[in-house]
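As given, the protein sequences belong to chains X and D, one line each in that order. Residue numbers for the first sequence follow the working numbering, so the first one is 7 and each next one is one higher. Residue numbers for the second sequence follow the working numbering, so the first one is 26 and each next one is one higher.
Source of the hints: derived by calculation from the structure; they are not laboratory data. A portion of the hints provided could be inaccurate.
[Stated by the list, open to error] Each computed DSS-like pair below joins lysine-lysine, with the alpha-carbon atoms no more than 27 Å apart:
hint, chain 1, residue 1, chain 2, residue 2
1, X, Lys80, X, Lys35
2, X, Lys80, X, Lys57
3, X, Lys35, X, Lys102
4, X, Lys80, X, Lys14
5, D, Lys308, X, Lys35
6, D, Lys308, X, Lys42
[What the hints assert, rightly or not] Stretches of chain D that chain X covers, calculated by requiring three or more beta carbons in the stretch to come under 8 Å of a beta carbon on chain X:
hint, segment
7, 32-41
8, 246-257
[Said to hold, decoys possible] Under 10 Å between C-beta atoms, here's a sample of chain D residues computed to sit facing chain X:
hint, residue
9, Pro84
10, Glu137
11, Leu168
12, Asp241
13, Pro278
14, Val301
15, Leu302
16, Gly304
Each residue gets a CB set at the ideal place from its N, CA and C atoms; glycine is no exception.
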Amino acid sequence: MRVMAIVKASKDSEAGVMPSEELLTEMGKFNEEMVKAGVMLAGEGLHPSSKGARVSFGGEGDRTVVDGPFAETKELIAGYWLMQVRSFDEAVEWIKRCPNPSDEEGEIEIRQVFETEDFGEEMTPELREQEERLRAQTEQNQ
Amino acid sequence: MDGEDARRAIDVVWRIESARLIAGLARMTGDVGIAEDLAQDALVVALEQWPQGGAPDNPGAWLMTTAKNRAIDRLRRGEMAARREEELGREVELRARLGEVDLAAAADDEIEDDLLSLIFTACHPVLATEARVALTLRLVGSLTTAEIARAFLAKESTVAQRIVRAKRTLAEARVPIEVPGAAEREERLASVLEVIYAIFNEGYAASAGEDWIRVDLCEEAMRLGRILVGLAPREPEALGLVALMELQAARFPARTGPGGEAIPLLEQDRSRWDFVLIGRGLKALEQAEALGRPLGPYALQAAISACHARARAPEQTDWERIAALYDGLAAIVGSPVVRLNRAVAMGMAFGPAAGLELLDGLAAEGDLDGYHLLPAARGELLERLGRAEEASAEFAQAAALSGNARERELLQARATGPR
Chain X
7 MRVMAIVKAS KDSEAGVMPS EELLTEMGKF NEEMVKAGVM LAGEGLHPSS KGARVSFGGE
67 GDRTVVDGPF AETKELIAGY WLMQVRSFDE AVEWIKRCPN PSDEEGEIEI RQVFETEDFG
127 EEMTPELREQ EERLRAQTEQ NQ
Chain D
26 MDGEDARRAI DVVWRIESAR LIAGLARMTG DVGIAEDLAQ DALVVALEQW PQGGAPDNPG
86 AWLMTTAKNR AIDRLRRGEM AARREEELGR EVELRARLGE VDLAAAADDE IEDDLLSLIF
146 TACHPVLATE ARVALTLRLV GSLTTAEIAR AFLAKESTVA QRIVRAKRTL AEARVPIEVP
206 GAAEREERLA SVLEVIYAIF NEGYAASAGE DWIRVDLCEE AMRLGRILVG LAPREPEALG
266 LVALMELQAA RFPARTGPGG EAIPLLEQDR SRWDFVLIGR GLKALEQAEA LGRPLGPYAL
326 QAAISACHAR ARAPEQTDWE RIAALYDGLA AIVGSPVVRL NRAVAMGMAF GPAAGLELLD
386 GLAAEGDLDG YHLLPAARGE LLERLGRAEE ASAEFAQAAA LSGNAREREL LQARATGPR
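With the rest of the complex left out, here is chain X (with noise of 0.2 Å):
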């Protein structure tokens, strides 16, 4: 299965302030391991939300685009890994392994990817033709 552990934004990171050398160095080392395992598909960090926006959907269908940087830190991602494991139980081991990925209390937040299996039994065939029948539909109206 696929997870996602998606690394939450710190003060430090929000004001584009690099890591230390040193927690560069175990970040390294620990992606390093997570590589060597196969366990690690992709990884990246992001940008302070100072250089992001958020478009916000309305009920009408109105679109409002906000500029950063946002409030809510905590709230806010990183970077993330893209995981392959066995179980979710093996990639919550990896993520307690991790250092710290910054001198505050911070979060990584863990979480499982849709696969199509995952669908199971309400991706029926029968629904996954009307699927099909719409995208072949909708490729046609473009």
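Following the hints, put chain D in place on chain X, whose structure we already have.
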């Protein structure tokens, strides 16, 4: 920590640590069977102790220390194979003197060397392929015997026996647990790659079905391949195999239709391809090519797969390059199936007549008699040449030869229907 939590914690630690644990113990004892027993012993101790005291901070080092203590116990009780006793005694004594500091500080490259040795040993050519597959999944992939049995649709007792026999064969043949020297490295590596690709193909063959447990085998194979590349980063064929697996797995979401039928490559909805895996596959292939040595069969197949992966639409496919790559592959492998694919690629690159000429040559040799894809390919090319009646006859023959009901239907439809 209650019993259930402890069991789960131990499961994941085992999954992450066991290969390195067994690898280290195998180097010390010189026997993968004994190493696995010791590792299992340590696991049992963990199951007893962790529920009370909680998981240790460094579970890997804890398991290693525990396993070594068990080794000393067993040694005292004279349970070890005699020929290994002296060797093991020396090692354990030495390690015990150095104490735990040594364990925690065991150099990373030493552990990596152990792990690579274990992989080479589990995939030793003295073992039959299916024995190598089972042993590798068990020792390196840390799958249970039950999981291996389920994945290969075999009885658990059969797999268990296969693993026991494999370990015995290795011990009897006195296979040294080491990374092979330059002289036999290529052959031994080929044996490892064959095992990994066999695991992948077992899953690949099942991926059109509903049994996702078997599809997990593809993920296991990819994981083993990535581990191997991490340990031996300068082997173009290891990188080539990883690239090939990533690129093929990238097409999984698109390769079956709503009714579970196989969708041919050129008809797949490419927006459903997995672009994370494509990116990884292309990168691994680049690394293989960057080593500047001639590409082997896996890297060449990956390069062919990459031509498809790079094409956003079927008509953007670089068929000339694919044909050239098949030339290279046919020169190394020369199997009739490779030559069939080469002919198809030539037909796409240089027109149906060129492909047909090659296919006629292949058909005359007779190696592919009874293989449905030969008449299917001929039908395709004849149709493009406007020779409808001959094409129809070829499709009918292909339908008659196909072993797959759904495919037979499709071929039959092409034999009869106007298009």
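Counting residues of the segment 32-41 of chain D with a beta carbon closer than 8 Å to any beta carbon of chain X, are there 3 or more? Coverage by chain X holds here, the residue count being 7 at a Cβ distance below 8 Å.
Quick one, is the Pro84/D hint okay against chain X at 10 Å, beta carbons? Holds. Min distance 9 Å.
Would the pair Lys308/D and Lys35/X pass a check requiring their Cα atoms to be no farther apart than 27 Å? With a Cα-Cα distance of about 21 Å, the restraint between Lys308/D and Lys35/X holds, given a limit of 27 Å.
Please check whether Leu168/D passes as an interface residue: C-beta within 10 Å of a C-beta belonging to chain X. holds, 9 Å
With chain X as the partner, please determine if Leu302/D meets the hint condition of a C-beta pair closer than 10 Å. Holds - the Cβ of Leu302/D comes within 10 Å of chain X, reaching about 8 Å at its closest.
Please verify the coverage claim for the segment 246-257 of chain D: does it have three or more residues whose C-beta sits within 8 Å of some C-beta in chain X? Contact hint for the segment 246-257 of chain D vs chain X: holds, 8 residues under 8 Å.
Under the criterion that the straight-line Cα-Cα distance not exceed 27 Å, is the pair Lys80/X, Lys57/X satisfied? holds, 17 Å
Would you check whether Pro278/D satisfies its interface hint, that is, whether its CB is within less than 10 Å of any CB in chain X? Where the cut-off is 10 Å and the nearest Cβ of chain X is about 6 Å from Pro278/D, the hint holds.
With a cut-off of 10 Å, does the beta carbon of Asp241/D approach a beta carbon of chain X closely enough for the hint to hold? holds, 7 Å
Would the pair Lys308/D and Lys42/X pass a check requiring their Cα atoms to be no farther apart than 27 Å? holds, 16 Å
Taking only the CA atoms, is the gap from Lys80/X to Lys14/X under or equal to 27 Å? holds, 6 Å
Is Lys35/X within 27 Å of Lys102/X, Cα to Cα? Cα-Cα ~14 Å, so holds.
Violated hints for the displayed structure: none, as all numbered hints are satisfied.
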